[in-house]
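Undergrad: Protein chains in written order, with UniProt numbering: chain A, 1 to 112; chain B, 1 to 112.
To be clear, the hints were calculated from the coordinates, so they are not data collected in a lab.
The list cannot tell twin chains apart, which means a pair is met if one copy fits it or any two copies do.
BS3-like mimics (lysine-lysine), calculated; alpha carbons at most 27 Å apart, straight line:
1) K92 <-> K74
2) K112 <-> K92
3) K40 <-> K92
4) K12 <-> K74
5) K74 <-> K112
6) K40 <-> K74
Small disclaimer: the values here were computed from a predicted structure and weren't measured.
There are 2 protein chains.
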Amino acid sequence: MALFGAMTVFTKGTIAVIFCARRTDADDSGYADAADRMEKLAALQSGYRGIDHARNADGSGITISYWATDDDAKAWRDNPEHAAIRETGRGKWYSSYSLHVARVERSYDWEK
Amino acid sequence: MALFGAMTVFTKGTIAVIFCARRTDADDSGYADAADRMEKLAALQSGYRGIDHARNADGSGITISYWATDDDAKAWRDNPEHAAIRETGRGKWYSSYSLHVARVERSYDWEK
Chain A
1 MALFGAMTVF TKGTIAVIFC ARRTDADDSG YADAADRMEK LAALQSGYRG
51 IDHARNADGS GITISYWATD DDAKAWRDNP EHAAIRETGR GKWYSSYSLH
101 VARVERSYDW EK
Chain B
1 MALFGAMTVF TKGTIAVIFC ARRTDADDSG YADAADRMEK LAALQSGYRG
51 IDHARNADGS GITISYWATD DDAKAWRDNP EHAAIRETGR GKWYSSYSLH
101 VARVERSYDW EK
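Just chain A, with the same shape it has in the complex:
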């Protein structure tokens, strides 16, 4: 999985979909495969701007996908394969999650 695929400056209005999840212990390899597949699938969607991802040793993690418009973010939400994987996630991989859809106001980056 390409961690920190985005790590860039976004234009105002870019949509950030913030997904914070706690994992169960179940089916770790199935989860990793699905995460990898979802990242590849998202990158094919219209308006895709990147993904940043980080995961703690306890399995909890944050995935942020970035989209040109809110309609693009909704189209990704409604992608049938993504929706099916989400159902699998609720059944097997996640114990809880929160999801925030937010609109970028300001964006910066810095490099040593």
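Please arrange chain B on chain A, whose structure you already have, making use of the hints.
TA: Here is chain B on its own, set in the frame of chain A:
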């Protein structure tokens, strides 16, 4: 450090400050102490709504702090102790980072 301190539903307009950073190898314990101190200090600021944090094995990580208003987020940015630690971070701990200030449009959570 209290990982996933937020993990909740936010009202529309809540400000999410998304900080994605790559680490150097330097001064790991100093970094951990500073991160812990910053989380405690943020929680004392007006308008603080929580922090979610995840960190990969390679040291890259995402920290999202949530604020009632953009002025609250800016006051945290301008907190003198926070500003000083940020300078230390640029000197020692970070090799690169991106920072996005975004306004929450929709927010959900789910629990098994």
